Amino acid sequence: MNQSLIIGQYVPGDSIIHRIDPRLKIIIIFLFVIAVFMANSFWSYMLLYFFVFISVGLSQIPSSYILKGLKPVWWIIAFTFLFHVIFNSEGEVLFDIFGFNIYDGALIQGINIASRIFLLILLATLLTLSTTPLSVTDAVESLLKPLKKLRFPVHELALMMSISLRFIPTLMQEMDKISKAQAARGLDFTQGKFKDRFKALLPLLIPLLISAFKRAEELALAMEARGYRGDEGRTKFRQLKYQKLDLVVIIIFTFILLIFFMLRT
Amino acid sequence: MDIIFKDVNYTYQPNTPFSHHALKTINLEIQSGSFIAIVGHTGSGKSTLLQHLNGLLKPTSGQISLGNTELPGATSKQLKDLRQQVGLVFQNPEHQLFEETVKKDLLFGPKNFGFNVKDVEKELNDVMEQVGLDHTVLERSPFELSGGQMRRVAIAGMLLVKPQVLVLDEPTAGLDPSGQKEMLQMFKALHEMKQHTIILVTHSMEDALNYAEQVVVMNQGQIECVNKPEDLMHNQERLRRIGLDIPEPIESIRYMKERLGLEWQEKEYTEEAISRTLIEYIKAGATS
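If you read the protein sequences in the order shown, they are chains A and B. Its first residue numbered 1, the first sequence is counted upward by one per residue in UniProt numbering. Its first residue numbered 1, the second sequence is counted upward by one per residue in UniProt numbering.
These are computed hints drawn from the structure, not numbers from a lab. Treat each hint with caution, since some may be false.
Claimed, not checked - Pairwise CB distance ranges (calculated):
no., chain 1, residue 1, chain 2, residue 2, range
1, B, Ile279, A, Glu218, 38 to 44 angstroms
2, B, Gly114, A, Lys71, 47 to 53 angstroms
3, A, Glu218, B, Glu251, 46 to 52 angstroms
4, A, Lys199, B, Gln130, 26 to 32 angstroms
Said to hold, decoys possible - Derived lysine-lysine pairs resembling DSS-like cross-links, with alpha carbons at most 25 angstroms apart:
no., chain 1, residue 1, chain 2, residue 2
5, B, Lys24, A, Lys180
6, B, Lys58, B, Lys104
7, B, Lys24, B, Lys77
8, B, Lys77, A, Lys214
9, B, Lys228, B, Lys188
10, B, Lys111, A, Lys177
11, B, Lys77, A, Lys193
12, A, Lys180, B, Lys122
13, B, Lys122, B, Lys104
To be verified - Facing chain A, from chain B, some residues (calculated, C-beta under 7 angstroms):
no., residue
14, Tyr12
15, Leu56
16, Leu79
17, Gln85
18, Gln96
It should be emphasised that the depicted structure is a prediction, and the values quoted were computed from it without experimental measurement. All C-beta atoms in this analysis are idealised placements derived from N, C-alpha and C, irrespective of residue type, glycine included.
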């Protein structure tokens with residue numbers, strides 16, 4: 001199993017971040033995304049960093065774990081940074097390495113873009129780490145409710161989302177099991193020519209697809225057997241309700257946004 | 001091929017909130033040609049232990065020697081040889097079938113290990129007979145078969161690789177009672193005829209009692225005890241404490257001892273032996 005990828009993996013806990021209403025978390029992230037792209041001064045970036053790090057700290061999830069989980073993302077960040085530094089030619093020449101002129105504008109631009117990606121991904125990761133997939137889909141469904149008037153299938157969309165999220169770990173486990181079973185039969189997909197390696201994927205993918213289809217069918221039958229017939233007249237066991245904590249969070253976040261706009265130049 | 005575990009520990013996903021210490025200081029010796037049963041609750045570490053036997057998992061600490069191979073530290077060539085020598089059949093092996101025909105699927109393992117396909121094809125019929133399959137299924141798609149037949153195909157596929165050690169994770173789960181018995185008889189025959197080492201993971205204490213020479217009881221990642229099946233009798237309290245069933249024959253012998261004051265003299269703990277003793281008892285009762 002890929003142990004370094006943690007996006008989508010929920011870490012149980014009872015911190016403040018865990019207890020914030022999932023709808024509020026999604027709204028905050030949405031506003032945060034806008035803010036990240038509007039940041040244009042040193043201090044505005046610092047404020048965003050401050051906000052994200054405080055949130056990570058409050059979540060009580062070990063930061064070493066989060067950073068390790070961002071491993072695949074580091075490459076993207078590093079690549080964007082280098083791309084900017086090498087190919088951008090704004091401002092004055094600072095120094096040159098191997099015939100490349102490095103401009104100070106480019107350096108700043110590179111840091112800015114890398115910071116944006118880093119901040120966005122860190123906060124999004126924090127959302128999935130601190131919120132169960134079920135609450136996320138509940139929140140999405142509740143936030144999209146106004147679209148129902150336009151006959152948009154909100155409930156079905158949310159159901160699809162929660163089913164796919166629910167089955168990611170299951171499929172990963174299944175994949176792990178099948179690849180071990182085939183390895184026991186002498187399959188080796190880490191060595192050989194590209195063509196051979198590609199061919200070696202078939203014994204993994206075919207059983208995986210077959211079991212996924214079987215699972216889908218069983219799930220559909222089980223749902224029907226329990227009387228599922230879509231959204232019509234359906235009530236919820238878990239009601240989302242804003243708490244006092246959410247009010248506090250709203251006030252603090254609004255305050256941070258106000259400071260943010262003052263810090264922009 | 002002797003298998004020796006020395007202070008083996010294994011942790012899943014170490015240094016994360018999900019880290020799980022699945023094996024704790026395992027010391028175990030399995031001699032070449034023995035028939036071992038591993039029993040224990042779900043989550044007791046049985047499956048993790050199995051996956052160390054052919055190098056799918058490597059110990060977090062400790063040493064395993066499997067014949068000439070040492071884990072950790074084996075080269076990938078050694079690992080491949082190891083996987084040929086130790087045939088591991090997972091639980092529900094029918095999920096691993098993928099070829100268009102049963103025949104192709106059976107040849108998948110031997111091909112991977114570099115066997116001569118023509119030679120293997122000659123053995124197909126024998127192996128099919130051994131696992132109790134009709135040779136007409138060879139040309140059919142594995143997905144048309146029943147669950148029990150698929151299981152047999154998967155096991156036949158492993159037999160064709162000719163392992164010296166056969167490791168089976170719950171091979172009888174989900175089969176009907178006669179199918180279960182047939183399958184276990186088959187492993188016993190393999191063991192007796194070819195001196196294969198058989199390592200059987202099972203939930204059923206009866207199977208462990210009837211077929212194994214040694215029973216390894218696992219509990220919460222540790223080896224609780226290693227017993228000869230007949231010695232399980234003396235460990236009843238221990239078994240009950242960790243939530244395992246007492247094998248039915250042993251339970252009934254205990255009952256006979258307590259209630260009827262019978263002396264147990266048979267060597268085996270089979271249904272036949274119990275009925276023999278009971279018949280003796282009744283006969284004796286009739287004469288006196």
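Note to self: Hint check: Lys122(B) vs Lys104(B), CA-CA at most 25 angstroms. Holds or violated?
What the structure shows: holds (14 angstroms)
Q | CB-CB spacing for Gln130(B) and Lys199(A) relative to the 26 to 32 angstroms hint | A | Given about 30 angstroms between the Cβ atoms, the range holds.
At the C-beta level, are Gly114(B) and Lys71(A) separated by a distance inside 47 to 53 angstroms? The hint (47 to 53 angstroms, Cβ to Cβ) is violated, given that Gly114(B) and Lys71(A) are roughly 37 angstroms apart.
Does the structure keep Lys24(B) and Lys77(B) at a Cα separation of 25 angstroms or less?
violated (29 angstroms)
Does the alpha-carbon distance linking Lys77(B) and Lys214(A) stay inside the 25 angstroms limit?
-> violated (36 angstroms)
Agreement of Lys77(B) and Lys193(A) with the hint, judged by alpha carbon distance not exceeding 25 angstroms
holds (17 angstroms)
Please check whether Glu218(A) and Glu251(B) have a Cβ separation lying inside 46 to 52 angstroms. violated (37 angstroms)
If you take the shortest Cβ to Cβ gap from Tyr12(B) to chain A, is it below 7 angstroms?
violated (9 angstroms)
| message | So if I understand the rule, the pair passes when the alpha-carbon distance is 25 angstroms or less; does Lys228(B) with Lys188(B) pass? | response | Between Lys228(B) and Lys188(B) the Cα gap is close to 17 angstroms, so the pair holds against 25 angstroms.
**OP:** Using 7 angstroms as the Cβ threshold, decide whether Gln96(B) counts as touching chain A.
**Re:** Since chain A brings a Cβ to about 4 angstroms from Gln96(B), closer than 7 angstroms, the hint holds.
Assess, step by step, whether the Cα of Lys24(B) is no farther than 25 angstroms from the Cα of Lys180(A), and give holds or violated. holds (22 angstroms)
#### Entry: Gln85(B) as an interface hint toward chain A, with CB separation required under 7 angstroms
violated (11 angstroms)
Violated hints, in rising order: 1, 2, 3, 6, 7, 8, 12, 14, 16 and 17; the structure is consistent with all others.
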